[in-house]
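Peer 1: Given next are the chains, with one letter for each unit.
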Amino acid sequence: MKIKAFYHALGRFRFAQFILFTVFLLFFFGPLVNTLMIAFADKYMYAEHPYFLPSALSLDWWKFVLSQKNLVSSIALSFLLATVTTGASLLICLPAAYAFARYDFPGKHFFQFSFLFANAFPRMGLYVSIAIIFYKLNLMGTFVGVLCIHLLNTLMYMTWIPAAAFRNVHINQEEAARDVGATAFQTFRHITLPLAMPGITVACIFTFLQSLEEAQGTFLIGVPNFKTIPVVMYSVIYDYPATAGAVFAVILVLPTLLLLGIFRRFIGADAMTSGFKMK
Amino acid sequence: MPDRPILKLEKMTKLYHNGDGVRDIDFEISEGELVTLLGPSGCGKTTILRVVGGFLEATEGHVILNGEDITRLPPEKRPTAMVFQSYNLWPHMNVFENLAFGLKLRKVPRETIKADVARFLSLVKIEGSEEKYPSQLSGGQQQRVAIARALILKPKILLMDEPFSALDAKIRVQMREELKKIQQELGITVMFVTHDQEEAMAISHRIVVMSKGKFEQIGTPADVYDNPTTRFTAEFMGNMNFIKDTERQVLLAVRPENISLDTVGNGSLKGRISTIMVLGHFLEINMDTEQGQVKAFTPREYSAERKVGEEVGIVVGRHLVFPAAG
Chain A
0 MKIKAFYHAL GRFRFAQFIL FTVFLLFFFG PLVNTLMIAF ADKYMYAEHP
50 YFLPSALSLD WWKFVLSQKN LVSSIALSFL LATVTTGASL LICLPAAYAF
100 ARYDFPGKHF FQFSFLFANA FPRMGLYVSI AIIFYKLNLM GTFVGVLCIH
150 LLNTLMYMTW IPAAAFRNVH INQEEAARDV GATAFQTFRH ITLPLAMPGI
200 TVACIFTFLQ SLEEAQGTFL IGVPNFKTIP VVMYSVIYDY PATAGAVFAV
250 ILVLPTLLLL GIFRRFIGAD AMTSGFKMK
Chain B
0 MPDRPILKLE KMTKLYHNGD GVRDIDFEIS EGELVTLLGP SGCGKTTILR
50 VVGGFLEATE GHVILNGEDI TRLPPEKRPT AMVFQSYNLW PHMNVFENLA
100 FGLKLRKVPR ETIKADVARF LSLVKIEGSE EKYPSQLSGG QQQRVAIARA
150 LILKPKILLM DEPFSALDAK IRVQMREELK KIQQELGITV MFVTHDQEEA
200 MAISHRIVVM SKGKFEQIGT PADVYDNPTT RFTAEFMGNM NFIKDTERQV
250 LLAVRPENIS LDTVGNGSLK GRISTIMVLG HFLEINMDTE QGQVKAFTPR
300 EYSAERKVGE EVGIVVGRHL VFPAAG
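Residue numbers (numbering that gives the first Met the number 0), protein chains in the order written: chain A, 0 to 278; chain B, 0 to 325.
None of these hints come from the bench; they were simulated from the model. Don't be surprised by glycine CBs; every beta carbon is placed ideally from N, CA and C. You can take every hint at face value.
Here are some, though not all, of the chain B residues that point toward chain A, as calculated from beta-carbon distances under 10 Å:
hint: 1; residue: R77
hint: 2; residue: Y86
hint: 3; residue: L88
hint: 4; residue: L102
Can you make the complete structure from the sequences, with help from the hints?
Peer 2: Following this line, the structure appears as structure tokens:
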């Protein structure tokens, strides 16, 4: 028995690890591989066809998706929206994060906790009541309206993670900069911001990805003028074969993978953590 | 030492919201002087230092440095330089960048910066470490860089907030010797804060003993050690035995080195030896008496024969007299 030999070669513990790891890989990467396969399939009849694998590979569905004007424009809109959301979120939240990290003011804990409220209610209910307000403000179907919805979902990341990062910059490090002649702003620019950068980058990535896959709120507030990839996904799933949906999914996955690559550099690498922490 | 006062505190008061702080501090430091503020934690010594550095604003009074009133100036406008106990250095900059930061803000030409950095690194004996990052340096080396970074801006006064407290005992002693050397070499004025009386005695021209926001005594190390004017100073500086003199209704303060051992019946007090410890060239002998424990430091050759449990007579030598505790 090959398996038996393998089991004895590894020992019980390592063999269990191996099995666990295999299950883990299948669980996490199985769907991804399957999506990739379908995206490059010629035809894929999962119902009628008796085979798991597609009959032929082709780029036909990519050509089809990329030739659809409204699909391509939704991709462009999604990335534009995610970029603007990240930028606006940075502008609004970084000062707040710094205030939470450094200053004591009345109601500090309440304000910090209030960022959870948006996540405490069922989303759809929240969006419907927001829509009522947006109608009155003429924000329905506008870019600003959609941007507001996206910001709502990212405020928490963008405030809490950078606040923790700012808190990790020791007050003496800021004072030492003031001491050698840096103004408050120069201190922030040259000392605090670079030292908090890993945390801020992580928050940016979360924000960008969150905005990229936000569907419910965009659907309610933005349609019909603003259709992002996730919104269009709904109709694609109804109107086209699974292969077109898979192509779309892959396009959505690509930036995520890319950003997670950067993310790993900031979170995982020992060099970074030891470089930014001092005893 | 020239006597020109370079730093003057005039009726300086700094109070915190809870009412703690320091009140009405009048004090002067002369040019080239190394003055230590010494006291237990919470005595206000760091408060005074931070008011001089500009990290705390004085509630009342004035801080005059080199003839200029700096009371309301932010830290970046003051010709002071601070060395903290820890977290001095910026971990994302290497040693060169750490030292050059202040000079770059002052638009000093690049070549001058290079030469200055090299010169001050060699002054603190870590020449050639420009390319290293703080995380690659030991704690002692990091403090050396911090001192170099403070000195490179040629401050009018160097402020040091327990700079060696986080270091190992051996390195701490080494660092204080070098600080003393550098201070003499540059003739720089230093205000030093510590809770370690041994460190204060080793480096200072003058010591300010503080307790609960007040100055207890100001004097040279020998002064403060030999002639403490308050009971607090007597207790805080080094070891001190307090022996009641019931006839005169006073308290005798005796250093352990001024206590000698004799046969029972001699001396003013009877005691039983509880511990004997060898501390290098002398012995520390602790004795139980009816007035509590008495400590004696004695040269080893005088007391080599003493045994734990032995009854001895205690002879009080040079001592100070304080009113009996009430």
